[in-house]
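Protein chains: 2
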Amino acid sequence: MKSSTNTLLMAMFELHPKLAQDTFYIADLPLCRLLLMNDRRYPWLILVPRQASLTEVYQLDQVQQHQLWDESALVGKRLMQFTHADKLNIAALGNQVPQLHVHHVARFHNDSSWPAPIWGLGTPQPYQPEQSQNVIASLQQIFADVSTHLD
Amino acid sequence: MKSSTNTLLMAMFELHPKLAQDTFYIADLPLCRLLLMNDRRYPWLILVPRQASLTEVYQLDQVQQHQLWDESALVGKRLMQFTHADKLNIAALGNQVPQLHVHHVARFHNDSSWPAPIWGLGTPQPYQPEQSQNVIASLQQIFADVSTHLD
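Sequence order for the protein chains is A and B.
Be aware that the first sequence starts at 2, since it is given in the numbering used here, and climbs by one per residue.
Be aware that the second sequence starts at 2, since it is given in the numbering used here, and climbs by one per residue.
Honestly, the hints are just simulated from the structure, not real lab data.
Be careful, since some hints might not be right.
Where chains are identical, the list cannot tell them apart; a pair therefore holds if satisfied intra-copy or between any two copies.
[What the hints assert, rightly or not] Derived DSS-like pairs (lysine-lysine); straight-line CA-CA distance at most 30 angstroms: (1) K19 / K78; (2) K19 / K88; (3) K78 / K88.
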């Protein structure tokens with residue numbers, strides 16, 4: 002994809018309403034928006050490439066794919082360091098929300114779904130307002146050095 | 002990670018027995034072994050970086066990460082072209098089999114688990130011997146140009 006097309010598609014980016022409803026904004030990294038899922042059962046971050054009309058990773062050009070996965074590795078590694086979790090789960094599914102997004106879930110051997118994948122199990126438990134403020138502030142600090150913008 | 006270390010870790014690679022048991026060998030790509038899950042409910046390919054002692058993507062060095070995801074994009078795109086599926090699901094979980102492996106599952110709006118993720122749902126349905134031979138042969142042809150070795 003030509004870079005002028007990329008620029009246009011990035012200008013047209015809008016977060017899917019379902020993602021906007023279920024998450025908190027953390028930061029914009031160079032390519033992706035970083036979100037926290039509002040479900041305190043798991044430390045759960047989502048990366049959304051800020052480009053319109055994407056459903057599959059391979060629709061990004063190779064430079065953007067590498068950028069996406071560089072951001073994914075950074076987010077995954079820092080999430081694991083921050084949480085001291087046992088395993089990281091990464092997934093790009095999109096069966097229910099078609100906009101391309103990549104889950105990063107820090108898993109513990111004693112979490113409520115272990116060892117099953119988390120999707121579709123149990124009921125989300127939203128953060129209490131004060132909890133979410135603290136978690137968001139901590140995450141924004143952790144990713145401040147790679148953020149291009151903070152709301 | 003230094004490249005001499007990578008070379009040593011690649012020499013030490015052995016496929017996890019559970020992956021060996023549940024899959025068919027398709028090919029070796031430059032970094033990863035390509036496997037077909039023996040479950041005819043879904044077209045389901047798995048990439049396993051041929052390096053010992055890996056559990057997380059971010060443990061690969063950046064060059065290898067890019068190679069992994071280049072191979073993932075190629076495998077995902079060709080799998081979708083081959084199957085005319087509706088959605089690709091990509092996941093690196095590893096909660097049950099710790100060896101780093103990346104699932105690529107071609108999903109259909111009328112498959113048995115849609116829109117849920119496939120893991121942990123229902124019972125695997127192994128291919129009939131003749132079926133598996135045909136599918137393996139087709140897949141080996143599709144990936145012949147990027148295979149470094151065929152068993």
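Verification of the supplied hints:
Taking CA atoms no more than 30 angstroms apart as the test, K19 paired with K78 passes in both settings, with 26 angstroms inside one copy and 26 angstroms between copies. Proximity of K19 to K88 under the C-alpha cut-off of 30 angstroms is found in both arrangements, the shortest distances being 27 angstroms within a copy and 18 angstroms between copies. For the identical chains of this complex, K78 and K88 are neighbours both inside a copy (11 angstroms) and across copies (28 angstroms), given an alpha-carbon limit of 30 angstroms.
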